[in-house]
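Chemist: Here is what each chain is made of, one letter per residue.
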Amino acid sequence: MNDSAKALRKKKIRNAFMFIVLLVLFFCFVAPFLLVIINVFKTKGDITSNPLALVGKHGFTLKNFPEAMKKMDFWRVFMNSVIITVSATILTVLTSSMNAYVIVRNKWIACTVLFAMMIASMVIPFQVLMVPLVSVYGGIFGLLNHRLTLILLHVGFSVSMASFMFHGAIRTNIPLELEEAAYIDGCTNWGTFWKIVFPLLKPTIATVAIIDAMAFWNDYLLPSLVLQKKDLYTIPIATQAFYGTYSTDIGLVMAALLLAMLPILVLYLFLQRYIVKGVTSGAVKG
Amino acid sequence: MRTTKTSYKVRQFCVFAGPAALLFSLTVILPFIYGLYLTFTSWDGISRQKPFVGLANYAATFQDADFWVPITRTLVYSALAVILVNVVAFILAYLVTSGVRGQNFFRVGFFIPNLIGGIVLGYIWKFVFNRAFVAVGNAITGQTLPSLLSTPTGAMFCLIFVSVWQYAGYMMLIYVAGFMSVGEDVKEASMIDGCSPSQAMWRIIVPLMRSSFVQCIFLSITRCFMAYDVNLSLTKGEPFNSTVMAAMHVYNTAFTYKQYGTGQAEAFVLFVICAIVGMVQVYVGKKGEVEA
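First to last, the protein sequences are chains A and B. Every number in our numbering is 16 more than the matching position in the first sequence, counting from 1. Every number in our numbering is 75 more than the matching position in the second sequence, counting from 1.
I should point out that these hints are in silico values taken from the structure, not numbers from a laboratory. Please note that the accuracy of each hint is not assured.
Under 8 Å between C-beta atoms, here's a sample of chain A residues computed to sit facing chain B [said to hold, decoys possible]:
id, residue
1, Ser137
2, Met230
3, Leu237
Glycine is no exception: its CB is placed at the ideal position from the N, C-alpha and C atoms.
Produce the complete structure using the sequences and hints provided.
Modeler: Here you go:
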């Protein structure tokens, strides 16, 4: 009896210790964000003289926000990011799920070759493709500075990984009998896919959509090569350009950084359960 | 009969795989082949002619110290960052699966850096290193200290530090999944057989989590090896080009110095290194995998 009470006490102390360690680590992880948040409400002089103070000598100011928003053209930039991310994610899910379906169900040589090429292509670093992409599509065909070009490039780059994930899901989770029953009932191949297979792929669709949407939203290098016109900037490019112009105006920089991370943080607040689950299952399967 | 069957297959393929195959070829396959061709030319990016120079670009790449310095630096940076990322991620995963209160809250918190793009993260940390850390240092020592980012070693340290902070939360999630996949019955059996908790950890749990390790190490290697946006926003390769990584070097050669042929050859060398590292890693990882 005494022993188990002792063990229980030991466990409690251990848990309390771990909790404190976790709290300290958590603080380290979010400290940079907190610093941005406290400084965004200060004047430029106050940030420079004491970046750690909660409130500056000149008090609380909201001026940094509207000015940064105007100079960054925030709403336009935000909408560009939304349009590009949403359409590229939808297109990736649709094209790669269809692609994976035909690869799993159709044992034709072309399917095998395509799938092998897609798997092999995953080791190609983006740096190998960037010069040809810019020189061919930009130089020869003049396709740079269109949102659609970037959307299609995003899809083209992510289609192999997404197909790989859908391939695994279809092979292991979709029973062939179900499809056969649909054929017997007079469903075409096309109908079977959209009415039977696609709805059953929901968990994988969520995973692919979450992982790719995050990648598209945050990507910098590819958009910066494709979109050089100011009107088309996405959030990462706009942040980079903004910092280049206003790096000395630290209050404005703070506001711009906060604006750049706010949309996804708000989204995370609502969807964190799904995002964490999506990332985990995506990583375990991929 | 045979022809109709083949035409059916072709139609199926075109309808279902067509869009994906088309976009994949246009963004990956064709540029890859065209890129390979560009490595044999001395193209400047503007003129119509692309003079054929054979293997000269590769010869130049191999002899160029300015290329091998960033490559070696990237290898050292990746090695350190990958080890630290995985150690930190594993410890975090252990802590958030140990039954402490608020586990989910912590998991969600540690993942936050992965939500935000590298450019933004780099600038946030630039502010922290240049202003906040300097302010703390000044307050403690009473002197005016330089920023860590102003010395070559300091800047490299910052880069590694930020990478660990950025990726640890992501890898933690994979390790958490790994911890969960080790069944309670296995752990109990080991306890009954007289394992101490640390023995159970190293002899039972870690070997069963091998696939999580393979995965995390692979992911962190590829990410660190191709690091570009944090590199750009945090240090921009400075001071004195001491933090230019492989990805940034290739970008600069091609787009800043307009040596498209050389830049492309460098990129291909990078690709070969990546492929070798990736294959070795997967091979070693798969070799002793425990079938659960």
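Chemist: Does each hint hold? Answer for all of them.
Modeler: Checked hints:
At a threshold of 8 Å, the smallest CB-CB gap from Ser137/A to chain B is about 5 Å, leaving the interface hint in force. For the restraint placing Met230/A at the interface with chain B, the shortest Cβ-Cβ distance is roughly 7 Å, inside the 8 Å limit, so the hint holds. A hinted interface residue such as Leu237/A counts as satisfied when its beta carbon comes closer than 8 Å to some beta carbon of chain B; here the least separation is about 6 Å, so the hint holds.
In terms of the numbered hints stated before, the structure departs from none.
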